[in-house]
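Take the two lone chains and join them into the complex the hints point to.
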Amino acid sequence: MTSESRWPEVIAAVVAEYGRLDVLVNNAGVGAATDFEESDLAHWRFIQSVNLESVFMGAQNAIKQMKLNGGGSIVNISSIEGLIGDPRSAAYNASKGGVRLFTKSAALYCAEKKYNIRVNSVHPGFTKIAMAASAGDLFGPDDLVRIQHEIVIGHMAEPQDQGFGILYLASDYVTGTELIIDGGYTCH
Amino acid sequence: MAVGRVQGKVCLVTGGTDIRPKEGEAAAQTLRD
Chain H
1 MTSESRWPEV
11 IAAVVAEYGR
21 LDVLVNNAGV
31 GAATDFEESD
41 LAHWRFIQSV
51 NLESVFMGAQ
61 NAIKQMKLNG
71 GGSIVNISSI
81 EGLIGDPRSA
91 AYNASKGGVR
101 LFTKSAALYC
111 AEKKYNIRVN
121 SVHPGFTKIA
131 MAASAGDLFG
141 PDDLVRIQHE
151 IVIGHMAEPQ
161 DQGFGILYLA
171 SDYVTGTELI
181 IDGGYTCH
Chain W
189 MAVGRVQGKV
199 CLVTGGTDIR
209 PKEGEAAAQT
219 LRD
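These protein sequences, in sequence, are chains H and W. Take the first sequence: its letters are residues 1 to 188, numbered as in my numbering. Take the second sequence: its letters are residues 189 to 221, numbered as in my numbering.
Bound conformation, chain W alone (with noise of 0.2 Å):
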């Protein structure tokens, strides 16, 4: 997860190092979102 200001709105963005699918599922990932 990632939070800050984006243009001065606080934003919360989950996501990211978090997330650790298994090796295969994260080059799926990779290409689909």
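Isolated chain H (complex conformation) (with noise of 0.2 Å):
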């Protein structure tokens, strides 16, 4: 994924064995908190790296094969720390709020050349899934406890709520937009 030669050979390994390409969601992200006067350059081209670098190599790739088919849609994983700031993810905010827009530049693009494919980002707060147990090694019983208080709808994402709404943009009329999955974390 963050090869940028391995990319088009993954797309026409899809294309091989099922035709053509409908649908991309970059999904794939890494983050960390870190110190951020502590923090080094490797680490912030890390994260650079797996989470908006791939995005930009993913849908470059995808855009060249979807016009092909005459569409597709492209869904982009974004962040709750692609809209707030983080003192502890820097590398992780630049990285997810690149991603946000990014997705409304490739959706412009895509319009002005007609090639009916639709970019969009998905913006996921607190989800619970496997490895959320071990995050209290990272945030602290306190955080956790905040955390909570400040999902308005009093608890986190099911990973499914979060799949209802890549789902539904991948569907055939919105472009450039932002869905905000987060119970409500961000409105106040």
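Calculated from the structure, these hints are not laboratory results. Don't take every hint at face value.
[As the list claims (entries may be wrong)] Here are some chain H residues pointing at chain W (derived, C-beta under 7 Å):
| # | residue |
| --- | --- |
| 1 | Met-1 |
| 2 | Thr-2 |
| 3 | Tyr-18 |
| 4 | Arg-20 |
| 5 | Leu-21 |
| 6 | Val-23 |
| 7 | Leu-24 |
| 8 | Val-25 |
| 9 | Asn-27 |
| 10 | Ala-28 |
| 11 | Glu-38 |
| 12 | Leu-41 |
[Claimed, not checked] In silico DSSO-like links for lysine-lysine, alpha-carbon gap of 27 Å or less:
| # | chain 1 | residue 1 | chain 2 | residue 2 |
| --- | --- | --- | --- | --- |
| 13 | H | Lys-67 | H | Lys-104 |
| 14 | H | Lys-114 | W | Lys-197 |
| 15 | H | Lys-104 | H | Lys-64 |
| 16 | W | Lys-197 | H | Lys-104 |
| 17 | H | Lys-64 | H | Lys-114 |
| 18 | W | Lys-197 | H | Lys-113 |
| 19 | H | Lys-64 | H | Lys-113 |
| 20 | H | Lys-64 | W | Lys-197 |
| 21 | H | Lys-114 | H | Lys-104 |
| 22 | H | Lys-67 | W | Lys-197 |
| 23 | H | Lys-113 | H | Lys-67 |
| 24 | H | Lys-67 | H | Lys-114 |
For each residue, glycine too, the CB sits at the ideal point set by N, CA and C.
Right under this line is the structure:
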């Protein structure tokens, strides 16, 4: 995913097996809480490589294929941290904010070219997945209590909550938009 | 990565087993993504 030369191979393999590509979900991402003054450029570049550069390469290669199909949909998974800042996640914030605006640029490009390819971003908030149990090591009990309190709907998202949003954006009309699925975390 | 049909559309999804972040990074991503 972070290899420019491998992306055309991936798309070609999908087309070889399925005959076309209709939807790309740029979902892969990594993050880490780091001290702003102590983190190094290698860490910064690693985060940008996975979270932002792979989104660019995926979209670029998908568009080249989808335009041959007569259209398609690209869903880029950003984050609520692409919308709001976190003092311990500068690299992550920068990468996810980049995904947000890259999405709009790609949407405009595809519309201008009349490719019938839609490009949107999803901004998940805190979501229950298998590894969540270890998150307390990073955030601490007080942080988790605060987070839970600030999710106004009262609980973290289930993975399916994110999936429904992605599925909607894979449909045939919406483009250039950002869908926040965070239980109201960012509304105050 | 994963590929398959969803509602008749061919979908490619990145992420999952091809990402092996260092311990701690995985947990952070869990909460944020």
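Hints versus structure:
This hint holds: Met-1 of chain H has a C-beta 5 Å from the nearest C-beta of chain W, less than the 7 Å allowed. The criterion of a C-beta within 7 Å of any C-beta in chain W is not met by Thr-2 of chain H, whose closest approach is roughly 10 Å, and the hint is violated. A least Cβ separation of about 4 Å between Tyr-18 of chain H and chain W falls short of the 7 Å threshold, and the interface hint therefore holds. A hinted interface residue such as Arg-20 of chain H counts as satisfied when its beta carbon comes closer than 7 Å to some beta carbon of chain W; here the least separation is about 5 Å, so the hint holds.
Interface hint at Leu-21 of chain H: satisfied, since its Cβ lies 6 Å from the closest Cβ of chain W, which is below the 7 Å cut-off. Checking Val-23 of chain H against chain W: minimum C-beta separation of about 4 Å stays under 7 Å; hint holds. Annotation: Leu-24 of chain H was flagged as interfacial toward chain W, and the flag holds, the nearest CB pair being 5 Å apart, inside 7 Å. The restraint placing Val-25 of chain H at the interface with chain W holds, with a minimum CB-CB distance near 4 Å, inside the 7 Å limit.
Evaluation of the Asn-27 of chain H hint against chain W yields a held restraint, the C-beta minimum of about 4 Å falling below 7 Å. Because the closest C-beta pair between Ala-28 of chain H and chain W is about 4 Å apart, less than 7 Å, the hint holds. Because the smallest distance between the Cβ of Glu-38 of chain H and any Cβ of chain W comes to about 14 Å, over 7 Å, the interface hint for this residue is violated. Taking 7 Å as the C-beta cut-off, the interface hint given for Leu-41 of chain H is violated, the closest approach to chain W being about 17 Å.
At roughly 18 Å between alpha-carbon atoms, Lys-67 of chain H and Lys-104 of chain H fall within 27 Å of each other, so this suggested pair holds. Taking the CA atoms of Lys-114 of chain H and Lys-197 of chain W, the gap is about 20 Å. The hint holds against a cut of 27 Å. Taking the CA atoms of Lys-104 of chain H and Lys-64 of chain H, the gap is about 18 Å. The hint holds against a cut of 27 Å. The straight-line distance between the Cα atoms of Lys-197 of chain W and Lys-104 of chain H is roughly 23 Å, inside the 27 Å bound, and the hint therefore holds.
As the CA atoms of Lys-64 of chain H and Lys-114 of chain H are separated by approximately 13 Å, the hinted pair is consistent with the 27 Å bound. Annotation: proposed proximity of Lys-197 of chain W to Lys-113 of chain H holds, straight-line Cα distance about 22 Å (limit 27 Å). With a C-alpha separation of about 12 Å, the suggested pairing of Lys-64 of chain H with Lys-113 of chain H holds against the 27 Å cut-off. Simply put, Lys-64 of chain H and Lys-197 of chain W have alpha-carbon atoms about 17 Å apart, close enough for the 27 Å limit, and the pair holds.
Under the criterion of a C-alpha separation no larger than 27 Å, the hint pairing Lys-114 of chain H with Lys-104 of chain H is consistent with the structure, at around 15 Å. Pair hint Lys-67 of chain H plus Lys-197 of chain W holds up; C-alpha atoms about 15 Å apart against a cutoff of 27 Å. Taking the CA atoms of Lys-113 of chain H and Lys-67 of chain H, the gap is about 10 Å. The hint holds against a cut of 27 Å. With a C-alpha separation of about 9 Å, the suggested pairing of Lys-67 of chain H with Lys-114 of chain H holds against the 27 Å cut-off.
Hint compliance for this structure: hints 2, 11 and 12 are not met, and every other hint is.
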